[in-house]
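Trainee: Sequence:
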Amino acid sequence: AGEARDKLLLRVIGSPDPYGKQIDGMGGATSSTSKAVIVSRSSRDDHDVDYLFGQVSIDKPFVDWSGNCGNLSAAIGPFAIHAGLIPQGRIPENGIVTVRVWQVNIGKTILVHVPIVNGFVQETGEFELDGVTFPAAEIQVDFVDPADGEGSMFPTGNLVDDLVVPDVGTFNATFINAG
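Numbers 97 to 275, taken from the working numbering, label the letters of the sequence shown in order.
Treat the hints as calculated values from the structure; they're not laboratory data. Check the hints yourself; a few may be wrong.
Stated by the list, open to error - As a list, the in silico DMTMM-like pairs of lysine to aspartate or glutamate whose alpha-carbon atoms are at most 20 Å apart: (1) Lys131 / Glu99; (2) Lys131 / Asp102; (3) Lys131 / Asp113; (4) Lys156 / Glu99; (5) Lys204 / Asp241; (6) Lys156 / Asp120; (7) Lys204 / Asp142.
Only a predicted model underlies this, so the values are computations on that prediction, with no experimental measurement involved.
Put together the whole structure using the sequences plus the hints.
Mentor: Structural data, given as structure tokens:
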């Protein structure tokens with residue numbers, strides 16, 4: 097944990113890179129490809145795994161552990177099954193297994209619903225997701241009680257507000273408190 101963990105992840109990803117390319121690492125030189133996750137058996141009785149997410153800076157020696165990534169949240173379920181972190185008795189021959197994830201960064205529960213075919217994670221399918229080139233199996237993700245702290249999901253109390261951006265204009269915007 098801490099500094100040693102961050103140094104290792106920075107080196108593996110290829111950061112900091114003053115050229116912004118991450119050629120000497122596994123990062124892809126974009127914020128969506130410069131990420132790390134740490135998954136372990138949960139320390140909580142009511143969860144299967146603990147999931148820690150790190151956004152790795154491309155050009156600075158910094159890993160931000162304060163947020164979450166929805167796409168990687170979806171990947172935690174299949175990974176947990178493949179890694180043997182889910183008891184075999186919970187995995188159906190065919191159907192859905194729900195992986196109970198504790199998202200350590202934001203202190204929230206995520207339920208990842210993973211399709212199973214012939215006792216294995218279904219990886220192929222027809223589900224298409226914007227920004228992803230090829231279709232695959234659909235993995236549904238439920239973010240349980242996503243509002244941060246004791247505040248409202250809509251902190252302004254409105255579904256739509258006017259966002260005034262100086263020298264740009266006014267836009268309709270929805271503000272969401274989601275961790």
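Trainee: Where does the structure disagree with the numbered hints, that is, which hint numbers, in rising order?
Mentor: none
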